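Chains as they are written, first to last, in the UniProt record's numbering: chain P, 1 to 311; chain G, 1 to 259.
Simulated from the structure, these hints should not be mistaken for lab results.
Certain hints may be false.
Said to hold, decoys possible - What follows is a set of in silico ranges between Cβ atoms, one per label pair, in the way DEER data are often shown:
hint, chain 1, residue 1, chain 2, residue 2, range
1, P, Gly32, G, Lys255, 38 to 44 Å
2, G, Arg161, P, Gly21, 53 to 59 Å
3, P, Ile167, G, Arg206, 51 to 57 Å
4, G, Glu138, P, Lys72, 35 to 41 Å
5, G, Lys223, P, Leu73, 47 to 53 Å
6, G, Lys210, P, Leu185, 54 to 60 Å
7, G, Thr52, P, Gln160, 40 to 46 Å
Said to hold, decoys possible - Over 10 Å on every C-beta distance to chain P, these chain G residues come out as not near it, computed from the model:
hint, residue
8, Asp16
9, Ser74
10, Arg84
11, Pro91
12, Arg94
13, Ser104
14, Ala128
15, Arg133
16, Gly166
17, Asp180
18, Lys199
19, Arg204
20, Arg206
21, Lys210
22, Glu211
Because the structure is a prediction, the values reported are computed rather than measured.
Backbone N, C-alpha and C fix where the C-beta goes; we use that ideal spot for every residue, glycine too.
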Amino acid sequence: MSETTHDGTVAVGAPVSPDEGLTAAELAAKYGLSVSGARPSLGEYVRQLWGRRHFILAFSQAKLTAQYSKAKLGQLWQVATPLLNAAVYFFIFGLLLGARRGIPSDVYVPFLVTGVFVFTFTQSSVLAGVRAISGNLGLVRALHFPRASLPISFALQQLQQLLFSMIVLVVIMVAFRSYPDLSWLLVLPALALQFVFNTGLALIFARMGSKTPDLAQLMPFVLRTWMYASGVMFSIPAMLEDKNVPSWVADVLQWNPAAVYMDLVRFALIEGYDSSYLPPHVWAFALGWAVLAGVVGFVYFWKAEERYGRG
Amino acid sequence: MADDKTGARVPTVIADDLHIVYRVNGARSGRGSATAALSRILRRGEERGVRTVHAVRGVSFVAYRGEAIGLIGSNGSGKSTLLRAIAGLLPAERGKVYTDGQPSLLGVNAALMNDLTGERNIILGGLAMGMSREEIKERYQDIVDFSGINEKGDFITLPMRTYSSGMAARLRFSIAAAKDHDVLMIDEALATGDRKFQKRSEARIRELRKEAGTVFLVSHNNKSIRDTCDRVLWLERGELRMDGPTDEVLREYEKFTGK
Numbered sequence: 001m002s003e004t005t006h007d008g009t010v011a012v013g014a015p016v017s018p019d020e021g022l023t024a025a026e027l028a029a030k031y032g033l034s035v036s037g038a039r040p041s042l043g044e045y046v047r048q049l050w051g052r053r054h055f056i057l058a059f060s061q062a063k064l065t066a067q068y069s070k071a072k073l074g075q076l077w078q079v080a081t082p083l084l085n086a087a088v089y090f091f092i093f094g095l096l097l098g099a100r101r102g103i104p105s106d107v108y109v110p111f112l113v114t115g116v117f118v119f120t121f122t123q124s125s126v127l128a129g130v131r132a133i134s135g136n137l138g139l140v141r142a143l144h145f146p147r148a149s150l151p152i153s154f155a156l157q158q159l160q161q162l163l164f165s166m167i168v169l170v171v172i173m174v175a176f177r178s179y180p181d182l183s184w185l186l187v188l189p190a191l192a193l194q195f196v197f198n199t200g201l202a203l204i205f206a207r208m209g210s211k212t213p214d215l216a217q218l219m220p221f222v223l224r225t226w227m228y229a230s231g232v233m234f235s236i237p238a239m240l241e242d243k244n245v246p247s248w249v250a251d252v253l254q255w256n257p258a259a260v261y262m263d264l265v266r267f268a269l270i271e272g273y274d275s276s277y278l279p280p281h282v283w284a285f286a287l288g289w290a291v292l293a294g295v296v297g298f299v300y301f302w303k304a305e306e307r308y309g310r311g
Numbered sequence: 001m002a003d004d005k006t007g008a009r010v011p012t013v014i015a016d017d018l019h020i021v022y023r024v025n026g027a028r029s030g031r032g033s034a035t036a037a038l039s040r041i042l043r044r045g046e047e048r049g050v051r052t053v054h055a056v057r058g059v060s061f062v063a064y065r066g067e068a069i070g071l072i073g074s075n076g077s078g079k080s081t082l083l084r085a086i087a088g089l090l091p092a093e094r095g096k097v098y099t100d101g102q103p104s105l106l107g108v109n110a111a112l113m114n115d116l117t118g119e120r121n122i123i124l125g126g127l128a129m130g131m132s133r134e135e136i137k138e139r140y141q142d143i144v145d146f147s148g149i150n151e152k153g154d155f156i157t158l159p160m161r162t163y164s165s166g167m168a169a170r171l172r173f174s175i176a177a178a179k180d181h182d183v184l185m186i187d188e189a190l191a192t193g194d195r196k197f198q199k200r201s202e203a204r205i206r207e208l209r210k211e212a213g214t215v216f217l218v219s220h221n222n223k224s225i226r227d228t229c230d231r232v233l234w235l236e237r238g239e240l241r242m243d244g245p246t247d248e249v250l251r252e253y254e255k256f257t258g259k
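Chain G extracted, bound-state conformation (with noise of 0.2 Å):
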């Protein structure tokens, strides 16, 4: 755990034996024709037509103001999960999450609106966000800037859809950075951006940690997490493997993982 300065350490994010489980529709045999389908409709027993994936197992612990907290763990482990339920997005199956305030969860897949102009997802995002629209049309020019999508031309006036994949995250991640945030959360955001993107970002990081936020970073790329990170979480098949200090853990991931 980081070093205690203060002596006073206020949480900010209490997770008590959290338990996240997925229901899925229609997967229960994998076979997808009418009749298997109707047979399973016809035989009683346990929900019918529908499997379930427990992907968090019984993860406890406590998160403080200040704090930049890396998730690590191969793909499927549940870290995305974690962070949804964290932001109450996805309901607890047993457990419980305290937050303080509204945590803020940023995306890869942070739906916005393909059809419409980056500048009127902006305009959206924030709103959803719970701007007003004096704020959003005050950081308006901020978040085109950071996310650098009229750099290559005036590209904040065409759909997201004409987007590379790199632009739309990009502009994902200024929209929701736009906001002053208690609890942040980024899921893969940064991995999409250039080089030159991923600095500014990590620099919008450490000012919102300066702000006595707290940042959840879930990333594949351990220099970003030694960067911005000064403790770590490692979740393996849903449970929490590991809990320490950035340095310790990354020690023991990458020798588990056998770099």
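If we strip away everything but chain P, and leave its shape as in the complex, we get (with noise of 0.2 Å):
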């Protein structure tokens, strides 16, 4: 039935069938075979995400809780990692170098603890971002998923770290003489936002640090550099005041996202943080800012879609 060929391949003498003389392409369509691993059209591919949303959020709560397993204290390290943090950055810039001016003293403590809580929320987004695809090869090669699965999955993970912050963050809150009302609530609506807004960063940075893996170890530099612009132990409009610049500079500041979002959760629970301390329109930039992220992050994600995995 076969016979050796002078260059070592093997001629198969084909059974007779009808599908002779077809090319590949016109077998494929006749048979409706598609192209393996071809990128699915964006609705599709929103479809796919979502019957994927179980492995999402359970993949989000397996990485949370492997974070710590190997920990003795275990799970306890979910509180006190983020109060640790905030005690650092009193010592540091509460007592060591007095950030605090232009804020009272018993606003100054929930101020800080509230920024290091939300700016983290977005750091850690961006820097699982940049790993989820480049740290995760495995997965990506063994299982066939929407890769944007797991971006997503990190920020979500992040979301879920930032409510045990939260609880820490109750208590100072209490401490410092903020008690809970119904301007609370407002914490709700922005760190939706917030969470869509980092979702964005995280397929953006997952798609950049698929391709150059180097960003791992530039974006901390980056994301420190942002943390210090961003008013998060100091109050933008109160560090402006003697230094003579036109009043804008201050508004554009804060327009930041990380401004935007650590003000507006910082205005929603702290007693003595109102309303002037925002600046102008600051809602519509929450909004803004998720809106542009999250389709920006989805778009830019998927059209590399097919490209994951190698390297």
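Each chain sits in its own coordinate frame; assemble them with the hints.
Right, here's the structure in full:
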């Protein structure tokens, strides 16, 4: 039935069939075969992603618990880590550097802690996003699922992490005489918008990080610069007050997404932090940044869907 | 090729002049010093600091429903790469692969999360494959029993990092085999299990074939290829060297490897 040719390959006498003479593409079309690993349309991609919503949620929870599974104190670290973080920042900026000017002292501690927690939410989402694909190549190469599941799942993990931090935050609020009231509900839309914004960033950096793993080394510096420029440990208007700069400079600095989300959460939670600290149109900017990052990030990530896993 | 019994054979996988190229960062000169990296960046020309490996070179074949196809060849001949490309996990440099539905690849390195318990891994693996929570709950006990993880005590509730390599491989295979696949590709996953487990998996592969699926099997064990496959593809240096009935190809292959 077969015969060895001079170059070592074997010519096989194929049985006569009605498909004789069809090219591969024609044969595939006849039996409804599709190109393996081709990128689905945007609508189909959203549908597939929705189908994996349980996976996204379960994966984020699994990652969250796996984080401290080797530590002796276990899940206690979920709360202890943000608490220690806040303590360090208070020691350096509140006590050593005295960055609290313009803010009453019973407002400053909640102000600082809220800023640290909210910024950390964005920061760790971006850092997790950079490694979402490049750090999970094994999973990407082994199983088939819409790749956007990974960055979204990591952003969701950070959201759950933030909820643990919120427990610490409530204790600190009460300790500094900001008691729960109706305005606390404003935290929900603010964090929801920030979550969409973070997911968009995570998607963007997941694609960039899959192509250029070097970003994992570079991004911590970029993010630290962003943190110091966003007024995590000082109030932007108070800092610029005696600097003789036009007032729109403060507005522009406060419209940066990290500052917007921090200010909104502070405004919602802290008793003495009223709307005079907020830049104009702050909710519009919060919504705008979320929609912009979310849509751009999703489309940008989807455009390279079929190329993840190479390298 | 397998004999034509029914007359109407339905193709499930078509590879058309497929080329796969890996790009490896920072492996150009083999020297890893910072100055070498800097001079590479400064030097213009072809892609900097990137080396390419042409792993699969122009492979074409058609696989049909109900076939079990073995892939043989020496180490590094491109077998695993070819399977990943069929599964759509590696993008093709040139050429195309057409498939019926979504092929599933089951490899030795199929990553599960080592920090999590076997139990959690079963649920996550099932969800990632697109099974619903109810389906997973339904098959959970079957998966555990099939893997045999709990034969020596309650290991399923321990983190996977505590498993031996054989146990981990068995659990991975059991998870992947729990789903009915149109096209299932098995990459040396059977080599790690003990004899009892190999028997069970061979039976499961036959079952999957009966459900009108196509099975690809990579193995260095010619006996398990003979037992399960009716057609064999022989890859050497990324090229398809031979494609035919199991006995013929294995005879040539054994001659080639000097057995």
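field: Non-interface claim for G:Ser104 versus chain P (Cβ beyond 10 Å)
entry: 7 Å, violated
Looking at G:Asp180 again, its CB stays over 10 Å from all of chain P?
Fine: 15 Å to the nearest Cβ keeps G:Asp180 off the interface.
request  = Would you assess whether G:Arg84, listed as outside the interface, keeps its beta-carbon beyond 10 Å of every beta-carbon in chain P?
outcome  = Check fails; 6 Å does not lie beyond 10 Å.
| Against chain P, does G:Asp16 keep a CB gap of more than 10 Å to every residue? | G:Asp16 is in fact no farther than 10 Å from some Cβ atom of chain P, at 4 Å.
- For G:Pro91, is the shortest beta carbon distance to chain P beyond 10 Å? Given that some Cβ of chain P is not farther than 10 Å from that of G:Pro91, nearest at about 5 Å, it is violated.
Decide, holds or violated, for the assertion that all CB atoms of chain P are farther than 10 Å from the CB of G:Arg206.
The claim holds: G:Arg206 sits with its nearest Cβ about 24 Å from chain P, beyond 10 Å.
Per the hint of 54 to 60 Å, is the separation of the Cβ atoms of G:Lys210 and P:Leu185 within bounds? At roughly 59 Å between Cβ atoms, P:Leu185 and G:Lys210 fall inside 54 to 60 Å, so the hint holds.
Exercise for review: Go ahead and decide if the range 35 to 41 Å is satisfied by the Cβ distance of G:Glu138 to P:Lys72.
Suggested key: Given a distance of about 37 Å, which is inside 35 to 41 Å, the answer is holds.
Task: Hint check for P:Gln160 and G:Thr52 - Cβ pair distance inside 40 to 46 Å - done: Given range 40 to 46 Å: holds, Cβ gap about 41 Å.
Say whether it holds or is violated: G:Glu211 keeps its Cβ farther than 10 Å from all Cβ of chain P. 18 Å, holds
TODO: May I ask you to check that G:Lys199 keeps its beta-carbon over 10 Å from the closest beta-carbon of chain P?
DONE: Holds, since 25 Å exceeds 10 Å.
### Message
Quick check on a hinted range of 47 to 53 Å for G:Lys223 and P:Leu73, using CB atoms only.
### Response
51 Å, holds
When the structure is compared with the earlier hints, violations turn up for hints 8, 10, 11, 13, 14 and 15 and for no others.
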